[in-house]
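The whole structure should be built from the sequences, with the hints applied where relevant.
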Amino acid sequence: MNKTLLIILGILVLIILAAVGSYNGLIGSSQAVDASWAQVQNVYQRRADLIPNLVQTVQGAANFEKSTIVQVTEARASVGKVNINQNQAPTDAAQLAQYQQAQGQLGTALSRLLVVAENYPDLKATANFRDLQAQLEGTENRITVERSRFNATVQAYNTKIKTLPTVFFAGFLGFQPKPYFQATAGAETAPAVKFDFGAAPTPAK
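Residue numbers for the sequence shown follow numbering that gives the first Met the number 0, so the first one is 0 and each next one is one higher.
Please keep in mind that the hints were generated in silico from the structure rather than gathered at the bench.
There could be a bad hint or two in this list.
[To be verified] Simulated pairs of lysine to any residue, SDA-like, Cα-Cα distance not exceeding 25 Å: (1) K80 - T107; (2) K123 - Q104; (3) K65 - A76; (4) K159 - A17; (5) K161 - I26; (6) K159 - T90; (7) K123 - Y98; (8) K65 - Q30; (9) K65 - A17; (10) K80 - A182; (11) K159 - Q30; (12) K80 - A47; (13) K65 - I26; (14) K65 - L95; (15) K161 - N62.
Structure representation (structure tokens):
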């Protein structure tokens with residue numbers, strides 16, 4: 000009887016140790032995802048912070064296409080309307096997709112603005128515009144890097160919750176898979192440019 004009890008107690012201890020180890024590992028992986036998400040937020044915020052100065056600079060160019068400026072301004076405002084936790088990685092794929100769509104629209108509007116700016120030699124010649132353009136291009140590169148790192152940490156986390164013995168405890172302890180950033184549809188296509196000096200922007204289809 001005592002031997003049987005010791006065996007049962009030993010099994011219970013092993014289960015508890017496995018659960019504790021799994022929990023600690025999941026916490027570490029979840030925190031890594033949140034930290035990576037914070038970096039994504041950081042670079043997106045840097046882009047948002049650059050936009051007012053960029054808009055102010057291009058507005059100073061004579062006859063600069065007004066609809067392009069409006070599109071950038073409205074796209075930036077739309078990003079701010081997406082309700083998403085800035086400090087914790089999303090657990091809802093639809094919510095992340097909505098956020099990504101808003102950021103993608105802003106990125107497209109900014110790309111279009113820079114393409115349009117190519118037709119304004121005086122604007123391109125200003126040191127302020129060149130500096131902002133360089134910062135913006137660097138920020139876009141960082142966004143790509145940080146999104147890739149975020150997906151890598153999410154992959155590590157999602158793999159962990161599906162491997163033994165963690166898979167037995169993950170759901171019970173409340174750890175669920177996290178969504179990835181997806182490739183933006185049409186990202187490989189250059190923004191279309193139609194010069195329009197003053198008309199309202201054409202609604203996106």
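Hint by hint, where does the structure go against what was stated? Just the numbers, ascending.
Going through the list in order, the structure violates hints 7, 8, 9, 13, 14, 15 and respects the others.
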